[in-house]
Each structure stands twice: as C-alpha cells, then as structure tokens.
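*Asks:* What follows is each chain in one-letter form.
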Amino acid sequence: MLSPVILIPALLNGLLTGAVYALVALGLTLIYGVLHIINFAHGALLTAAMFAAYFAFKVLGIDPYLSVFIIAPLFFAVGYALQRFVIGLASHGEDRNMLLVTLGLAVVIENALLFGFRGDTRTIDVPYAFQTIDLGFTYLAVPRLVGFVAVFVVALILWLIMSLTDIGRAIRAVAKEKLGAQLSGIDVAHVYAVTFGLGTACVAVAACLLMPTYYVNPGAGNAFVLIAFTIVVLGGMGSVPGAVLGGLMIGVVESLSSLFLGDSLGQVGIFLIFIAVLLVRPQGLFGANA
Amino acid sequence: MKSFAPIALVIAVLTAVPLLVHSNVVLNFLVVALMIALAGQGWNILGGYGGQYSFGHAIFFGTGAYVTAILQVQYGINAWLAFGAGIVAGAAVGVVVGWLAFRAGLRGSYFALVTLAFAEVLRILASVAPITGAGVGTLVKLDLRFAALQFESRALFYWLILALVAVALVVTYAVERSRFGAWLTAVRENEDAARALGVDAVAVKLGAMVISGAITAAAGCFYVQYFLFVDSHIAYGAWISVEALLTPIIGGAGTIFGPLVGALVVKALGEGALLVTGQAPGLDLVVFGIVLIAVVGLSPRGIVGLRQQLGARFGSRRGAGEASRG
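Residue numbers (our numbering), protein chains in the order written: chain A, 111 to 400; chain B, 149 to 474.
Calculated directly from the structure, the hints in this document are not laboratory data.
A few of these clues could be false.
Which residues of chain A face chain B? A few of them, derived with a C-beta cut under 8 Å, are [stated by the list, open to error]:
no. : residue
1   : A200
2   : D205
3   : L210
4   : N221
5   : L224
6   : I267
Because the structure is a prediction, the values reported are computed rather than measured.
The beta carbon of each residue, even a glycine, is placed where N, CA and C say it ideally should be.
Bound-form chain B, shown alone (with noise of 0.2 Å):
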C-alpha cells in the first residue's frame, strides 16, 4: 500500500463506532474480534510478510497473558507496567524461539511443527507450575480504576484495544515499506535466492519474530485486563494459535489490513453459526475450518487479494498481470 490515508480513515471510522452504538452485546464481539486481529497482525508480520508459517503463536499470546496476570497479582506491580512487560515478554520469547529455529535451519513444515511444540510444552509447563497457578489458573482481582487499566466502559476498552491495532497497523505499513520489509519479503520468496544476494536471511527472520511476538503477546495482556483470569488451555491452548493464523490467512496474508478484515468476517461467521444453531459448540470452529480451506483454494490472497483479483479480471492489463503473479 503506498497511501497512508487508509490506514488513518480506517482507525477514524472505527473510533467513532462507540459514539454511535451504545449496545454492550455489539461492543463485545468487536472488542473480542480487534483482539483476535491483533494476535493475528502478530502472525502477519511473520507468516504473512516472511512466509514462516507458525501454528503456535499461543507461545506470545500466552506469555504476554501470563506476564501480565503474574506480575500484578503475585507481585503487586502496576497493571500498566505489567502490561508493557507482557509485551516485552513477547518479544523476548521472540528472540530465544527465533533464534533456536533459524539458527537451526528449520522451514516449512519443520518451522511449524517446532512452533507448536514449544506451544505445547509451555502449555503443560504452565498447567502445572505454582507461579501461574497451575490447573486453576490465575485470577487479578476487579479494579475497576484507570490506574488499574480496568474500566467500567466497554467503550473505554475497545479504545485501548483498537489503539493497540492501529499501532500494529502504523507497525506494519513502517514494515513494509521499509529495507527490512524488502528483505522479508525477499526471504518469502526465494530464501536462496535471497542469501544469493547478501540478505542475512536469519538476522531478517528473528527480527520478524520480534515484532511479531511483541504484537500477538500484546493481545494476550489485553485477554487478561479484559477477562481477569488466565489458564494453560486459554493462554497457550491450540485455539489462539489457529485463530492467530486464521484471521491473516482469510483476510489476506502478507496485507496490511488482511489480519483485521479477516478477524471481523471470522467471528461474524461464527456468532453466525451460533446463533443458527443455538451455542452448540463445535460448528463456529468447523465454518472456520471450511472457509481456510476455502480461502486457500480460491483466493491465496485473502479477502483483501480477491478484491485485486477482481478488480484485474475487470480491470486494466497491467493488473491483471500483478494478480497472476501474487
């Protein structure tokens, strides 16, 4: 995207949807989809931007939940320094996970399975360690105080978390239209090739790690501040790894607005589902299901990508040649 404008209209337009909808039922679906966005604007950043697949991002999810849970209640530190730490947390768990996969060679299908296996060890680690208060989990107390960065609002939050996607969204546009975006973009589509023309394919890919696990482990602090409590299953269970995945690659992988698109359409499918069907569990999760196989088969690109292509088949020549190419 070469404009800035979007991004800034698109923020405009979702700030002000507190003023004019006052239903709490409505603001809590939006404020559970722009956290599935923002975990999944993590995994952009890698999976998208990079082409590393991972299928355990719960790994920054969680440890940004848990950072954030942990330092305030067993350690009386302020909810917003907690938070900050959850986030820093993220990116540290970045660093060692990047840096043992990369340095290690692993791709493809390896770099996935190594990504949910350290998912599942720290799930199990977490379901059993007396810090993270192991199978009952850990609850932080109502207060509901600014100082506290919990409010009575719901409007108040879905400003909190709509301001940490938009800084996620001014992360990725910095990232794409950066060296470093080339470079990772270089590394997704040829890594030799890439190497072949001195990118430090290794250097680009941790530094992907990096912002991607400090975004994903923001979403996590906010899960805490929202919900109050914490277990091994939600922080590091399978499902934030999927839907982590799931909201970029629907919305459109590798595209600034992919992850946000695709968050709103997936939990609009799924409250769908639901309501057709009466809460029963399980059918949310299998239209999800359907609709990646779906994305995937149709348009690569995501729904952002089906607009482009199209707007090329419609479209002028020259379009038409970028799409085929995506």
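Looking at chain A on its own, in the form it has when it is part of the complex (with noise of 0.2 Å):
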C-alpha cells in the first residue's frame, strides 16, 4: 500500500483536474438535458476555445482570466448560431441526423484548426503557471485552485439563469415537455440554440482555464470530450451536480488509477468505469429521470 504522502496529494490533485473535466461535462449535459442528443462537437469547440485564448494572450497579450470574459460570450454566439442555423436546420429535427451533424462539425472545426495551424503544440507562459500554496503536507497549484473554484461558480451561475430568469424557465419547459412549451407559445429553436449557446460557453471557460497549465494542439479537446462523455453518463445525462460530482469523482480515479496503472493504462480505468456504467445504470449514478 502506498502511504499517505503520496496519496493524499494524488487525491487532491485528482479533485483539481476533476473540476476542470467538470465544467467540460457541465455543456455537454446541459445540451443533453434539453436537447436530448450527445454533441460530438464538444471536444471540437473546446480546442477551438483554447485557440481563441491561445491568441487572446499571443497577439493582444489578454492573459486568459480576463479573456475569459470576451471569450465565453464570443462562444455563447458561436454555439447559437451552430444550433439554429446549422445543427437545427440541417437534423429536421431527427436525434440520428443531430448527431451525425455534430460529428460532422466536430470533424470540420477539427480539421480546420489542423489546415490553419498545422499539427504543433503551443503554449503559453503566465507567471502564475507554476505558482503553488502551500499546505503543509502538500502543495496546491494555483492555476488548478482558480479552476476549481470557477466550477462551482459557472454552476451557481447557470442554476441561477434557469431558476430566476425567463429564458431559464423556457429551457427548463422545453426540457420537460417540448410540445407543450411549443404550444404554450415558447420558440423552441430558439430555446434550443440558446442551451446549445450556453453548453459552448461553459467550454469556452473550461478552455480559458486550461490555457495557463496546458498545451493546445487541433486535437487537444480530444482527450477532455471523452472523459466529459463518462462523466455526464456516470452523473446522469441531463443532469447539473451530477456533472459537477462525476467530475470530481472521474478526476480522483484519474488520478488513482494513473498512481497504480501508469498513465496510459490509467485512462483506460475511466472506460472501463464508463462502459460499465453504460451497461449497468445507463441513467446514471444520480440520474433518475433518464
């Protein structure tokens, strides 16, 4: 057994990375909660995020904490447009064609960083990348601690728009009861693309918050998507603190497992869970209404 040196701050670390998978789970189960279909273009617009604050700090020097607050919105417009004028128009309503859709702009956004880009890794350099606190008996990083906390107030941030504001109560119709929020006078493509808009900006911040600790590269979102995949499986498609938990949990087994398995081996830990936990409890570990 491995004694609690080198557990414990496993453990934390492994919460750290956690939240960061979180609020990449958090977009993609929100559009699952509405819209009822896996958007394969998660991973896609999460590199296409990272590049945006990639050349936020490059080229006007906006270290990626302040872009955060351009970013997002930018992506917020990116993603409404996607749905309305692409996925929703493209799919005529059909889950099979929607997710055909989303893979196929997973492939060109993807690609198209790959053909403007080339293949090469970039990254940035803030002061603060290796900046740690220290605990005592571990050391925090404080890129992951800035992190962690911008999970829980993205998630404080969106359950406020969906218990307060009007275009939250939509949502939460559409969600419930499609036909009869259409009836009762709500325009669902618009709802829609307004929750597709929302689930892009929650990776546009999960992007900006990962620019000072890591690389980006046209296939970077990769690696993050699958993962957000067997957290809002394991929390329950559709479901927001099953994101949150599924994600703090994935990132401890993450980093469990890597200690014991060695890294490749370590993902494949999280698949396992996944598959099984596709196979045993589709609806998820919290997720009652699937």
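Make one complex out of these two single chains by using the hints.
*Replies:* Quick look at the structure:
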C-alpha cells in the first residue's frame, strides 16, 4: 500500500483536475438535458476555444483569466449560431441526424484548425503557471485551484439562470415537455440555440482555465471530451449536480489509477467505468429521470 | 432493390477496370476507396438498415487487422487462414459488444457512445500490449507470393478487394430481401412497435452487428495485407470509425450501393482537396465534414436517395409519395 504522503496529494490533485473535467461535462450535460442528443462537436469546440485563448494572449496580450470574459460570450454566440443555423436546420428534428451533424461539425472544426495552425503544440507562459500554495503536507497548484473555484461559480450562474430568468424557465419547460412548451408560445428553436450557446460557453470557460497550464493543438479537446462523456453518463445525462460530482469523481479515479497502473492504462480505468455504467446503469449514478 | 442485375453489372464493370487502366496511381486510389467502401458496407448493415449508429466501427476494422497481422507474424499461420480468422474475430467481437450493448437496452446517443468507448479502450490497450507490438506496431514481412496473400501487381489486390466488396453487396442484397432484413428495418423505424409485433429486437440487432462486424473486419484484414503494417492509431483510431460511417451516410444509408457510391465520392473529393491545396493536412477532412452535414441536411438518404428524390419530383405522383416517406 502507498503511504498517505503520496495518496493524499494524488487525491487532491485528482479533485482539482476533475473540476475542469466537470466544467467540460457541464456544457455537455446541459445540451443533453434539453436537446436529448450527445454533442459530438464538444471536444472540437473546446479546442477552438483554447486556440482563441491562446491567440488572445499571444496577439492581444490578454491573460486567459481576463479573456474568458470575452471568449465565453463569443462562444455563446458561436454555439447559438451553430444550433440555430446548422444543426437545427440540417437535422430536420431527428435525433440520429443531430448526432451525425455534430460529428460532422467536429470533423470540420478540428481539421480546419489543423489546416490553419498545423499540428504544432502550443503553450503560453503566464507568471503564475507554476505557483503553488503550501498546505504543510502538500502543495496545490494555483491555476488548478482557480479552476476548482470556477466550476462552482459557473454551476451557480447556470443554476441562477435556470431558476430566476424567463429564458431559464423556458429551457426547463422545453426539456420537460417540448410540445407543451411549443403550444404555450415558447420558441423552441430559440431555446435549443440558447441552450447550445450556454453549453458552448461552459466549454469556453474551461478552455480559458486550462490554457495557463495545458497545451493546445488541433486534437487537444478530444482527450477531455471522452472523459466528459464518461462524466455525463456517470452523473446522469442532463443532471448538472451529477456532472459536477461525476467530474470530481473521475478526476480522482484517473489520478489514483495513474498512480497504480501508469499513465496510459490510467485512461483505460476511466473507459471501463464508462462502459460498466452504460451497461449496468445507463441512467447514471445520480440520474433518475433518464 | 428488386433485381440482382444492377449488382452484377456494377461488379462486371469494376472488374474490367484494371484491364483498361494501368496507372498504379488510379488503381491505388480505387483499392483504398473500395477498402473504405467495404468498411462502410459493414456499417451500413447495422446503421443503415438497423438504425443503430455506431461511432466506433474501428472496433471491427482494428480487430480484423490485428488478428490477421498477429497470427502471421507471431504464430506463423498462413495469411489466407489469418485473413479468415480476422473476419471471424470481427464477428465474435460483434457478438460481445452487441450482446452487452443491446441487452442493456442502449439506443441512439447511448449506443453511439458505447461503441466509441469500446474503440477507445481497444486503442489504448493495443498501444501498450506487447502482443500488438505496443507503440511500435506490427510489421508483416514482405513476401510476394500467392500463398502469402501478397501480390506484386496492384491489379490482383484490386480484384481481391473487389471480390470482398462483391460478397458484401450480395450479403446486403440477401439481407434486404430476407425476413431478417424486414425485421431489421422495422426495428429501425420503430423499435417499440416492432417488439409489440413479436420481433425479437435484441436478437435482430445482434445478428446485424455480427454481419456488420465481419464485413468491416474484412476491410481491416485487407488493410494489413495491402500496407503490411498496423499500429493502434490505424487499427482503432477515430479515422476509420468516421470513414466507415461517412461513406454509407453520404452515399445513402440503408441502400445497397450507398457505401460504394459514398466511398468513391468521398475519396475523390478528398484527393481533389489535397490536390488543390498541395497536400496540406486537414482540408480533405474539412470537405468530408461539410459534405456530411450537407447530405444530412439536404438529402437524408444520401446520393442514391437524391436520385430517387429528384426522380420523384419530376416523375410520377406515386414516386413522390414514396420519397416523402423516406
């Protein structure tokens, strides 16, 4: 058995990594909850947002923690437009078609980035990238701590939007009963697009939080999105608290299994959990209304 | 499709190609296109006729490829036998994955996800397991003998892959005409209604998955014999999962010639894009993605369906009724 000296930092690190996973998963679960499809373009949008954060820093000199306030609204608009003018129009309201269209979008975005920026891996240098806080028994990386806090802020904002605003009420109505919502005068296409926009904005926030310590290349988002799928399934598709808890759990599982199995097999642990949950309890650990 | 004649005609025309065209570039293009068509024909049985959209058909392609390569390299088994074993392995993997997924009642998004996850698990395992050559991959020795299933002339490889595509066409034709095919389409259109009428949906989908797995695995087996190399990214990478789905969707999902038409169009577009931009990476796939979205949006039954759609628009009223239902 490993000593607590190794185990506890691994646990804490897992929690902090899991927070960013949770943020990616939050966007995915939100879209699933309302549109009832898996957005396969999620990873590509994450990559695109990471590139946006990268260029905001390199060209304009804006720190990712500040550019998030520009990039998140920008990606809200991108998501809104994609759903309204591409996915919604091309899929004719069929779930199977929506899956294909989001997959097509993923292929287009990812390869357009590859075409535009080549396969090079890029990083940015920020002064706080390696800053740590000494807890006495272990160190915590500052950027990861920021990410951890941000997840709860974003979840809170989402919750406030959902429960207090008109559009939030409309989104909940469409998620519960699409036809009924339509009959009471809710513009479903608009609600779908807003939801997709919110989901995309979540991913943009995650991208900005990742950039100080992570790298970006045209495939960077994929690593996260497969994990996000797992989290969403684990937490129950469409469940926001499920996404947050699932994200933290997966972070810990990954951290511990890398510790015991090594880095590449650590990933297998995640997918085995994923497949097991899908097969045994597809409604997720916390989902009741799947 | 009612008659067998179009299939015989298409195969006959394609068989004659190497007699008229001697350019290795053209033949190589056609071999790769037919290989992708074969992978797509596998997907088409399950996805096109059965409505179960797999996003991880690399599971079968990769398994076929690795079994063919490993049996030859590690165990010295004859290439023809290894090829057959690869196809059987694909069917077997289809049984396992299908049994797990369908028994758990996974549909739609969930089924797409679980196939994707299986492909990813296999990719990671193949990239670390010693038997697959881990990160280095497995190299099959060059041995240009008929007994080793390697040919010096491109034309023979072309005829081999064409024969496999022809078998898949005949299998698809048989499925379409059979009672099993009718059950499968019923499950696609409305699974609950099909169940209510006494169709054993799980068994039908499982059967489709097995046929589908065997056909796509054959494409993987061929890949190894043609390129003599396989690693985890080739075998279980996302590229083949995407191409196996792209070709039938673009050509026409749930039609006999869909994957073949789709593969030729997609590969031609890809080559065109690369030609225009001077081999810059990514652009061919951008084109694929745009075509995929456009086809889903404009002609849900693909290029083959488009012909029917246009025919209906300018043709008889009865035809119009059929197309609007499709």
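*Asks:* For the restraint on D205(A), tell me whether the closest CB of chain B is nearer than 8 Å.
*Replies:* Result: holds, 6 Å to nearest chain B Cβ.
*Asks:* Grab the minimum C-beta distance from L210(A) to chain B and call the hint holds if it beats 8 Å, violated otherwise.
*Replies:* At 5 Å from the nearest chain B Cβ, L210(A) passes the 8 Å test, so the hint holds.
*Asks:* Tell me if A200(A) is really an interface residue toward chain B, meaning its C-beta lies closer than 8 Å to one of theirs.
*Replies:* At about 3 Å, which falls below the 8 Å cut-off, the nearest Cβ of chain B leaves the hint on A200(A) intact, so it holds.
*Asks:* Just to be careful: measuring from the Cβ of I267(A) to every Cβ in chain B, is the smallest value less than 8 Å?
*Replies:* Violated - the Cβ of I267(A) stays beyond 8 Å from chain B, reaching only about 26 Å at its closest.
*Asks:* Given L224(A) was flagged as interface, is its beta-carbon under 8 Å from a beta-carbon of chain B?
*Replies:* holds (4 Å)
*Asks:* Hint validation: N221(A) versus chain B, beta carbon distance must be below 8 Å. Holds or violated?
*Replies:* Because about 4 Å separates N221(A) from the closest Cβ in chain B, which is inside the 8 Å limit, the hint holds.
Violated hints amount to a single one, hint 6; each of the other numbered hints is respected by the structure.
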